[in-house]
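Enquirer: Build the full structure now, drawing on both the sequences and the hints.
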Amino acid sequence: MKIKGVIVMLLGWAVPGLGHAVQKKYVRAVLFFVAIFAMTGLGLAMGGKIYPMYLEPPRTVLDYLFNLFRKENPLTVLAFFADLGNGLFYALSRVFSWGGGQLERATFEFGTAYIAGAGLLNFLVALDAYDIGAGKKK
Amino acid sequence: MIFESLLLSMVVYAFFVALVLALIRRDDTKARLKYGLVLFAVMTVGAVAFGWFMFLFIKK
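As they're listed, the protein sequences go chains A and B. Using my numbering, the first residue of the first sequence is number 1, and each one after it goes up by one. Using my numbering, the first residue of the second sequence is number 139, and each one after it goes up by one.
Read the hints as simulated data drawn from the structure, not as lab findings. Be aware that a few hints might be false.
As the list claims (entries may be wrong) - Calculated pairs, BS3-like style, for lysine-lysine (alpha carbon to alpha carbon, straight line, at most 25 Å):
hint, chain 1, residue 1, chain 2, residue 2
1, A, K24, A, K138
2, B, K168, A, K24
3, A, K25, A, K137
4, A, K136, B, K168
5, A, K2, A, K24
6, A, K137, B, K172
No experiment lies behind these values; they were computed from the predicted model shown.
Expert: Quick look at the structure:
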């Protein structure tokens, strides 16, 4: 693995399009940022949910080790990993308690799909930034 | 309430996904445009067609 590729991949994961921007691919960077940011924003506006890793805040070290994921609904682990693709936005959502999910709204499911889709697309964008940084792609 | 129409939600979702994937998977502008349009059409027409297909199994 090329160090430069890894660095731009991490930048691209943290902020959509940043990995391309630092490699002077400005048009792509702006389009990636707008598309992914719009999807995440629309998802939140529709009342979508951002899934946390923990059901409850861990209280002990053992909670960190053995209560990593929601046991009553294990499939939400997949949603957690998809949402994690939003990078810095995911971290901000944990700090500011965004994306609690409004189940009573008709748009809840679509909103959740928008946020998860944005995260998955951002994983691909970050990998694309890696390919450019590693010289595999222009 | 934003996007009460599920069809509109789906079309906008397909647009963004097609845009990002076209930029990632193709290298020149013409190929990107073609790939993006095909992807968008497949997602929207496919979803509408599948919606009508599910209509066959509706419980009355």
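Enquirer: Now look at each hint and say whether the structure bears it out.
Expert: Each hint tested on the structure:
In summary, the hint linking K24/A to K138/A is supported, as the alpha carbons are separated by about 11 Å, within the 25 Å threshold. For the given pair, K168/B sits about 21 Å from K24/A by alpha-carbon distance, which is consistent with the 25 Å threshold. Among the hinted pairs, K25/A with K137/A is consistent with the structure: their alpha-carbon atoms are about 12 Å apart, no more than 25 Å. For the suggested pair K136/A and K168/B, the alpha carbons sit about 21 Å apart, so the restraint of at most 25 Å is met.
The hinted pair formed by K2/A and K24/A meets the criterion: a straight-line CA distance of about 18 Å does not exceed 25 Å. Restraint check for K137/A and K172/B: satisfied, since their Cα atoms lie roughly 20 Å apart, inside the 25 Å limit.
Of the hints listed earlier, there is not a single one the structure fails to meet.
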